[in-house]
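Participant: Sequence:
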Amino acid sequence: MSSRVYRNAAIHTGTGGAPPAQAMAVDGETLLAVGTEAEVREAAGPGAELIDLDGAAVLPGLYDAHIHTAQYAQSLGAVDLRDVRSLDEALAAVAAHAARLRPGAWLFGGRWNSNTWNPPAQPDRYALDSVCPDLPVALPSVDGHTVWANSAALRLAGIDASTPDPVGGEIVRDANGEPTGILREAASYPLRDLMVSPDLRDLLRAAQEELLALGLTSVHDIDGEDCRAAYLQLRDAGELKLRVHKAIPMVHLEAAIAEGRRTGQGDDWVRTGPVKIFSDGALGSHTCHMSESFAGEHGNNGIAVTPYEELVALFSRAAGAGIAVATHAIGDLANHLVINAYEALGQTPGLRHRIEHAQHLRPGDLARMARLGIVASMQPVHCTSDIDLVDHLLAGHDLASYAWRGMLNVGVALAFGSDAPVEHPNPFAALYAAATRTRTDGTPVGGWQPEQRLSMAEAVTAHTLGAAYAAGEEERKGILTPGRLADFIAVDTDPYLESPEAVLRTKVLTTVVGGEVRWRRI
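Oh and the sequence shown: position 48 is 48 in the working numbering, straight run, nothing missing.
Note that these hints are calculated values from the structure, not bench results. Source: prediction; values computed, not measured. Backbone N, C-alpha and C define an ideal beta-carbon position, used for all residues, glycine too. Just to be clear, a hint being listed does not mean it is correct.
Stated by the list, open to error - With a straight-line cut-off of 20 Å between C-alpha atoms, the simulated SDA-like cross-links for lysine to any residue are: (1) 507 x 494; (2) 241 x 260; (3) 507 x 496; (4) 507 x 52.
Said to hold, decoys possible - Pairwise CB distance ranges, derived in the manner of DEER restraints: (5) 446 x 49: 47 to 55 Å; (6) 199 x 409: 23 to 31 Å; (7) 36 x 450: 37 to 45 Å; (8) 371 x 155: 49 to 57 Å; (9) 450 x 292: 23 to 31 Å.
Take these sequences, add in the hints, and give me the full structure.
Facilitator: What follows is the structure, given as structure tokens:
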């Protein structure tokens, strides 16, 4: 490949302090030179191909530190219940979608939120059976921690009145002990194992176009082994256009160790990531593990999906085999116990351990995270989506909630992502949420707990270099300097100069990965 010069742009390298560069030279997949156009063209030589970026602002490629790309890919053609506001609306959407499916197919989708239904009501399998009696239906809630299933799906999973609740999960039952179709946390795992798309490679190939159009050039994928296999197939076929840091599901940890998999292993397109472990549930499902009960639910402190002693054993097993740990923790007690477990693990040179979400912490635990070098992998839009839930369910709790400013102030490394399809994967919505702590309609005015806001520059860093740091890839990604990968985006809004509201409306013009244009707005 001959060298290329990308010119006529305001290039923010991500290094801080320096004025924007004018041009970049690319040799193969890496940056050769960044600076004035004259400097860059001299470095590239007379035969370099010139690519004009039309005066756009340029940023390092955005990096989603927590996304379920297989689930996102499936959701693009699945039933979407995010915006329904009643059980009847939900059932009508399911029925319409079921009519388009082939016999025997699973009905994927969901993302329902019964907290917002009028009237609020926990659905059951009989309601689903009334509109879809034959096809198996399993619909995760908006937070992904509760599944609403019909009778056909329960039968395929072998769940009936005699099935005991698993450790870290609950099969909700009626007065006669029969499963209602609501499965919380670990109780939903048998269904998730069955919900596998035979055409996942094709779905991921299409979904990467959507992600590239949003300015994402790298992802930390949190889905299963089928997703990893599909990405490896895409890479080997030369069809992969964005870079994947692939997590290991906890249930596959022993097999991964036996295969010799280690965090960081692979190439610049697909690398092995951390093992993903669940400590608790989610706020929307009322299952995150809290020190105090949820308001109005005396005795409900959430669910410890993985008991503390097992956390310590899993951390030790993974780290001893060279695999970093990423632990889901949302409630303050879950976060406290996970930090305790990382402290008990001790030093593990070369491995960066993480807490995924880290939403509600005891204030004193922020400094402990910093001292132990634990990365906070967080999703800013969760904050603005959950404002009403937090104010209602956690009223009176002494918490540091979505405490981005507090974390940075004590030295915690932040890595931003989306948790798509729980939230939309648009990274500019995340930057807006981090800088304003308001919903997209501007409420609450001044921001929710505004003392935890970040500057736009800090938010961009968390969504670029911070995510790269979490993966141990900061020497390859996250800033635009010679020798690093030529992954960058050209956008119509300069986040360093314009308002957060303008950043929210950003359109990506060009996405470059490995020095090649992988997506361009037409």
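Participant: Does the structure break any of the earlier hints, and which numbers would those be?
Facilitator: 2, 6
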